[in-house]
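Novice: Residue strings, one per chain:
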Amino acid sequence: MALEFKNHPKWESDPDLGMGRELMTRQRRAQLFHTLKISLVWVALVALLGVGLLGLRFDPAYAAEHYMFVLQGAGTTIGVSLASIVFATVLALLGALGRLSRNAIAQGVSGFYVSIIRGSPLLIQIYIIYLGLPQVGRQLDTMGFTQMGRLLTLTAIQSGILALSLNYGAYMAEIFRAGIQSIGHGQREAALSIGMSNWQILRRIILPQAIRIIIPDIGNQFIAMQKDSAQVSVMGIWEITYRANRFARQDSKFMEMFLVAAGSYWILTIISSWLESGLERRMARAYER
Amino acid sequence: MNGNAIIHVEALHKWFGLLHVLRGISFSVAPQEVLVMIGRSGSGKSTLLRCLNFLEEPSAGSITIAGHSVTVGPGVRLDRRKIVTMRLNTGMVFQEFNLFAHMTALENVIEGLITVKKVPRNQAIAMGEQYLEKVGLRDKRDVHPIRLSGGQKQRVAIARALAMEPKVMLFDEPTSALDPELIGEVLDVMKQLAREGTTMVVVTHEMSFACDVADRIIYVDQGVIVEEGTPEQIVSCAQDERTRAFLEPLRKVQHI
Numbered sequence: 000m001a002l003e004f005k006n007h008p009k010w011e012s013d014p015d016l017g018m019g020r021e022l023m024t025r026q027r028r029a030q031l032f033h034t035l036k037i038s039l040v041w042v043a044l045v046a047l048l049g050v051g052l053l054g055l056r057f058d059p060a061y062a063a064e065h066y067m068f069v070l071q072g073a074g075t076t077i078g079v080s081l082a083s084i085v086f087a088t089v090l091a092l093l094g095a096l097g098r099l100s101r102n103a104i105a106q107g108v109s110g111f112y113v114s115i116i117r118g119s120p121l122l123i124q125i126y127i128i129y130l131g132l133p134q135v136g137r138q139l140d141t142m143g144f145t146q147m148g149r150l151l152t153l154t155a156i157q158s159g160i161l162a163l164s165l166n167y168g169a170y171m172a173e174i175f176r177a178g179i180q181s182i183g184h185g186q187r188e189a190a191l192s193i194g195m196s197n198w199q200i201l202r203r204i205i206l207p208q209a210i211r212i213i214i215p216d217i218g219n220q221f222i223a224m225q226k227d228s229a230q231v232s233v234m235g236i237w238e239i240t241y242r243a244n245r246f247a248r249q250d251s252k253f254m255e256m257f258l259v260a261a262g263s264y265w266i267l268t269i270i271s272s273w274l275e276s277g278l279e280r281r282m283a284r285a286y287e288r
Numbered sequence: 000m001n002g003n004a005i006i007h008v009e010a011l012h013k014w015f016g017l018l019h020v021l022r023g024i025s026f027s028v029a030p031q032e033v034l035v036m037i038g039r040s041g042s043g044k045s046t047l048l049r050c051l052n053f054l055e056e057p058s059a060g061s062i063t064i065a066g067h068s069v070t071v072g073p074g075v076r077l078d079r080r081k082i083v084t085m086r087l088n089t090g091m092v093f094q095e096f097n098l099f100a101h102m103t104a105l106e107n108v109i110e111g112l113i114t115v116k117k118v119p120r121n122q123a124i125a126m127g128e129q130y131l132e133k134v135g136l137r138d139k140r141d142v143h144p145i146r147l148s149g150g151q152k153q154r155v156a157i158a159r160a161l162a163m164e165p166k167v168m169l170f171d172e173p174t175s176a177l178d179p180e181l182i183g184e185v186l187d188v189m190k191q192l193a194r195e196g197t198t199m200v201v202v203t204h205e206m207s208f209a210c211d212v213a214d215r216i217i218y219v220d221q222g223v224i225v226e227e228g229t230p231e232q233i234v235s236c237a238q239d240e241r242t243r244a245f246l247e248p249l250r251k252v253q254h255i
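Here the protein sequences come in this chain order: A and B. Residues in the first sequence are numbered consecutively from 0, following numbering that gives the first Met the number 0. Residues in the second sequence are numbered consecutively from 0, following numbering that gives the first Met the number 0.
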């Protein structure tokens with residue numbers, strides 16, 4: 000609509016066009032100036048932090064010497080998070096469908112899943128999966144179920160991915176449910192009126208529209224997960240936190256190493272949010288084109 | 000008329016909780032007839048229309064459309080396949096259009112052909128273009144609903160319903176959500192359908208449309224049919240006081 004207005008002959012021949020142009024330029028300049036001021040505040044805050052730390056006998060040389068060692072854990076952090084967000088998305092979709100279903104079993108199972116997972120800390124879930132399950136496995140082993148027993152003994156990485164997937168799947172189930180419910184009832188009625196089945200409506204009408212709404216939330220969860228993945232360090236997985244912790248304790252350089260770790264996570268999340276907003280824009284384009 | 004009626008409704012009741020919205024309604028529609036339902040908001044006319052294709056589940060009564068019957072009542076379980084048959088025999092046009100927002104005009108029209116009727120894609124596209132042509136929107140085939148005007152949206156929605164080739168078309172206040180200058184284009188399409196002999200049940204407040212096109216008008220109030228007759232009988236010499244009271248204020252604004 001706006002584009003049509005631009006080419007309107009009246010608009011082209013408006014004698015006061017100069018006034019509009021000047022107002023627009025002024026507005027843009029003010030906007031730019033404001034952005035600049037915000038950047039200056041950021042720079043000032045970083046400088047203040049740096050000066051403060053140096054004044055308190057912070058050892059930048061030590062941090063510079065060991066930051067590569069910490070950054071080498073970024074691959075593991077990203078790998079664990081990526082695998083977990085994929086599994087969590089699948090679990091979340093199933094959980095949401097279960098909660099929205101009319102089937103009593105599906106409703107009960109998904110409600111129970113969401114409730115117990117949200118009801119306990121991630122750290123405890125990691126312990127249960129990594130340390131608790133093998134105990135059950137050994138018991139099954141002595142009872143003769145060797146295969147099943149072995150299945151319950153997971154490596155640290157497997158345990159970490161399973162715990163993060165289960166945990167985030169439960170929280171994201173609620174996001175998926177809200178996304179699905181946000182699609183107007185009229186869409187469903189129109190689909191019913193042309194004879195579509197519930198499954199067809201979900202797959203062809205509801206989910207394609209809901210995904211668009213959910214994408215920013217999935218991105219947000221992914222960012223949160225990268226940082227929660229620090230908790231898998233308790234199993235001795237060599238990701239960012241574990242590596243930072245090693246040197247920090249060994250040389251009592253806590254501030255140095257944990258700031259390096261924090262900075263690494265920060266960079267990861269900045270990259271992730273770039274990627275996420277790019278994806279969001281692309282989906283919006285596909286929608287309007 | 001009951002002998003060859005294409006729609007026959009018998010003693011239809013609808014309860015919302017303890018609210019008795021439809022109180023034992025019976026009526027028939029003959030093939031190629033245009034039946035207009037009028038009444039105040041909350042009278043039950045929209046609910047009645049939505050019961051015909053089971054978007055609203057009737058509480059009791061029986062509905063026959065094109066030879067297929069469904070009878071419901073307390074403790075009777077609905078047969079899902081029968082309901083789908085009823086829906087395929089009826090095309091529905093909604094007040095709020097309800098076009099699938101993520102699909103182009105053409106994709107909206109062919110969705111049912113492809114997923115429900117399993118028509119091969121090429122054939123479905125050809126049919127879809129034909130129906131868009133019928134509502135005068137062939138040039139908008141690749142446009143998403145967000146870029147269409149209200150009138151255009153409603154015409155695409157009519158094409159989508161027609162593409163399924165239903166026996167009966169149901170219209171639920173098809174022009175109530177439109178700006179005044181866009182109402183005409185939708186009514187024109189509906190008039191064209193009426194001329195072609197489409198059986199139509201229309202809930203509307205457009206009295207001049209009703210006078211021009213309807214074979215019969217039903218006035219619904221508090222869940223019962225108060226009065227029915229030809230447009231002349233209803234508009235010029237309504238017998239019931241409630242019908243006259245409903246029509247009186249409309250006369251001034253709609254020039255009937």
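Calculated directly from the structure, the hints in this document are not laboratory data. Glycine included, C-beta positions come from ideal geometry on N, C-alpha and C. Please note that the accuracy of each hint is not assured.
[What the hints assert, rightly or not] Per label pair, the in silico range of CB-to-CB distance:
1) S68(B) <-> S196(A): 48 to 58 Å
2) S196(A) <-> A29(B): 51 to 61 Å
3) S68(B) <-> W198(A): 22 to 32 Å
4) W198(A) <-> E180(B): 40 to 50 Å
Novice: Does the Cβ pair W198(A), E180(B) satisfy 40 to 50 Å?
Specialist: The hint (40 to 50 Å, Cβ to Cβ) holds, given that W198(A) and E180(B) are roughly 41 Å apart.
Novice: Do the beta carbons of S68(B) and W198(A) sit within 22 to 32 Å of each other?
Specialist: Between S68(B) and W198(A), where Cβ atoms are some 27 Å apart, the hint holds.
Novice: S196(A) and A29(B), beta-carbon distance inside 51 to 61 Å?
Specialist: Violated, at about 32 Å.
Novice: Taking 48 to 58 Å as the hint, is the beta-carbon distance of S68(B) and S196(A) inside that range?
Specialist: violated (22 Å)
When held up to the earlier numbered hints, the structure conflicts with 1, 2 and fits the remainder.
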